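Got chain G sorted already, so can you dock chain L onto it with the hints?
Residue numbers (my numbering), protein chains in the order written: chain G, 3 to 193; chain L, 87 to 255.
The hints are simulated quantities; they were obtained by calculation from the structure and are not laboratory data.
There's no promise every hint is true.
From the derived model, a few chain L residues whose C-beta atoms are all more than 12 Å from chain G [unchecked claim]:
1. His125
2. Gln145
3. Ala187
4. Phe193
Taking beta-carbon pairs under 10 Å as the criterion, some of the chain L residues facing chain G (in silico) [stated by the list, open to error]:
5. Leu109
6. Ala112
7. Pro123
8. Arg140
9. Leu141
10. Leu147
11. Phe148
12. Val158
13. Ala165
14. Leu171
15. Gly192
16. Gly195
All figures in this text were calculated on a predicted structure; none of them were measured in a lab.
All C-beta atoms, glycine included, are put in the ideal place defined by N, C-alpha and C.
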Amino acid sequence: MDFHDSELARLRAGDVGALESCYRVFGRRVRRLCRSLLGPNDADDATQEVFVRVFERARQFSGRARFSTWIYRLTVNHCLHRLERERRRGAEPLSDENGSSWERALSWTDDALRAVDDRDAVEKLLGELNPEQRTALTLREIEGLDYREIADVLDVPIGTVMSRLNRARQRLIELADASRAHASWHRISTP
Amino acid sequence: MKHDSNSTNPSVAENDCEQARALASAWIDGELAHAEPLHAHVASCAPCRAHVARLRETQTLFAPLRADGPDVDLWPQIAARTRALRAPAASAWKPRVARIAAAFVGFVGAGLLLRASSSRTVDSDVSHDQLTTSWAAPLHLERSGLGRLQAAPERQLLTALGLVPEERR
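Chain G on its own, in the form it takes in the complex (with noise of 0.2 Å):
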């Protein structure tokens, strides 16, 4: 399913039936992101939040960007500032009542990376990156964006899109050697 021009035109001029179109075209793809930068609690509502903003701002895309690399944008942005706003108010993201997160990255799995198939693991084990790997690494693994189109979504340049993506993996080779260590030290401690 595609978002016209003749959708994109009304959409500008304010008609919600086009929002409409644009949700139904978008919105599996924006609250997939949502998903996974701020976790399962959060995304819907994110997601509605986002379209809001499309509704309102959809007279500012300047068509310089692909239509889906300005919602990209505006959906990332959009979370970044929500964890922001909640890194300051102290609320731990992708938190729950069942410990912290690091806790939890650590319990995913006793047997390595190759274990992991279960949506909700790999989701608290994206959350143990900070959001800027956090983002890069959605956008590529998650959404199928490639590096160009990365760095137009996030405005940097392919360079940092590079380094972020590194750096992300081997944090996440890092935490799945935590968590070997981890089971390894269980096994010896219990007895």
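Structure of chain L alone, referenced to chain G:
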């Protein structure tokens, strides 16, 4: 898309594992234009080969997240939020117009009052000065016949200066 940038894709020396690992992530994403030097290094370096294999493992992690989650239609909530956004905007035009009109009327009224006041000031310049200026008041009062009663100290001063004739007693 493959990127040919010397700053991000320098050649990899035979023993430069650090450089190889910095580029390995872009390599497994197929984003390096000239991957032959890195390929050659990895082929001859067991630790870097293991590192690349682990990087590839991280790519497989995200398959569960690529699939869409439970299908949830958020449009009703978005539509409600959008309506709430538009409602105040639509109903706000009347008070806004009223405020603008009131400001316009006030501005015009103030301008008219200022103009009228300005006219009166010009017309009454002499009498106003005569009544309020300390040195002119006695002269005016003298002419009006009130100076004797109301401006005796000033009259004495003016008499001393020779500005008014000495009063006959």
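Tested hints:
1. His125: holds (17 Å)
2. Gln145: violated (7 Å)
3. Ala187: holds (26 Å)
4. Phe193: Given that every Cβ of chain G is farther than 12 Å from that of Phe193(L), nearest at about 32 Å, it holds.
5. Leu109: At 8 Å from the nearest chain G Cβ, Leu109(L) passes the 10 Å test, so the hint holds.
6. Ala112: holds (5 Å)
7. Pro123: violated (16 Å)
8. Arg140: holds (5 Å)
9. Leu141: holds (5 Å)
10. Leu147: Nearest chain G Cβ about 6 Å off; hint holds.
11. Phe148: holds (4 Å)
12. Val158: holds (7 Å)
13. Ala165: At 7 Å from the nearest chain G Cβ, Ala165(L) passes the 10 Å test, so the hint holds.
14. Leu171: Check passed: Cβ of Leu171(L) comes within 6 Å of chain G, closer than 10 Å.
15. Gly192: Hint on Gly192(L): violated, closest Cβ of chain G at ~33 Å, above 10 Å.
16. Gly195: For Gly195(L), the interface hint is violated, since the closest Cβ of chain G sits about 37 Å away, which is over 10 Å.
The structure fails to meet hints 2, 7, 15 and 16 from the earlier list, while all remaining hints are met.
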